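2 protein chains.
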Amino acid sequence: MPKQVDHEARRRLIAEALWRIASTRGLEGASLRDVAAEAGISLGQLQHYFTSKEEMLAFALDHISALAEQRVRSRVQAVSETPEPRTVVRETLAEMLPLDDKSRTGNLVQIAYFVRAVHSESARGHAKKGVPGLRRFLADQLARAAADGTPHRHPNRHPDRHPDPDEAAMLLIALVDGLTTYTLLDVLAPDEALKLLDRQLDLFFA
Amino acid sequence: MPKQVDHEARRRLIAEALWRIASTRGLEGASLRDVAAEAGISLGQLQHYFTSKEEMLAFALDHISALAEQRVRSRVQAVSETPEPRTVVRETLAEMLPLDDKSRTGNLVQIAYFVRAVHSESARGHAKKGVPGLRRFLADQLARAAADGTPHRHPNRHPDRHPDPDEAAMLLIALVDGLTTYTLLDVLAPDEALKLLDRQLDLFFA
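Residue numbers (this note's numbering), protein chains in the order written: chain A, 299 to 504; chain B, 299 to 504.
No lab work stands behind these hints, which were simulated from the structure alone.
The list makes no distinction among identical chains, and a pair is therefore deemed to hold if it is satisfied within one copy or across any two copies.
No more than 30 Å apart at the CA atoms, straight line, and that leaves these computed lysine-lysine pairs for DSSO-like:
| no. | residue 1 | residue 2 |
| --- | --- | --- |
| 1 | Lys400 | Lys426 |
| 2 | Lys400 | Lys493 |
| 3 | Lys426 | Lys351 |
| 4 | Lys427 | Lys351 |
If you're wondering where the values come from, they're calculated on a predicted model, not measured in any experiment.
Could you put the whole structure together from the sequences, leaning on the hints where they help?
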């Protein structure tokens, strides 16, 4: 009888090995063999789950996204059972910033993916699928706020120059990416990055 | 008599080798030896100029910044001899976006530096010095626009919630970093990134 393998447990083991490498020496130079060694399994066993570094990084990112979504959901619900759009948007974006060790490590995995995807078109699928999804989610929240009458109306300016919900959503996603960069480089303190995010939200919500 | 070496020419040669590596396979995995080979000089000759990869990347970034500043200056002057603050801010930030092959390669060198600096505190000096300088420059332009009465006044909102020039400057720098990320990942087209930058400038200038 073949030995039973708990595939879910092994995937978690691999994700945790990736996590440890990302938070210490970085994933950029790490091979599949390095990750197998860190997880305490053979290269062959690792390749049962992932045949390329791209696949492994995509798995790690999906894992991070799922954990982050859980955290956002519980943070939003801690604030209110019927949260305002601004609260949902703020907590979603704040979760993406490197404000603590856990989110910082998530950012390091994302950077490893980013470097890979910049130099290899075939690795860009995760970003090309994930970012528009997040953008639609945020745009929907911003549109809900607009329908409630909570966003700013600027009577003294040309109305079509104010970003629409879809544009505002992408501005927020890009801003958070940049705030992450400068926080990881110690140019911004974490609380300064969060304050700047709030300043930007002030422009989109009353 | 010792052979005369044109140090300036050799530095340029090395910068161009760095540039070529950055635009093809990426600088992340490149060693000093790889760069020397690409430049057609010995490792010893390269080490006459740079003793570490950090030094070499810092040199490449300074070189890129100097070229970018020249390009911004001529673009701004092509618009007007007495340019508006918005024009100066816009052209400075647009130059940082990967809108053509030249600026795209500059961004790839910056990413190589970024990855290095995220994992090594000693490499962060360039960013910790350069970003505040750019922030002061942009804040000064935004403050000039405010003194001219051109920025928005929002009579219907609490005045202290509008970003001050220093905050607005950092919001713009972070935004451009994020727009660069998503343009390099093909999530945004270059013209979409530029349009989003203009939308953000609409929030800060009349």
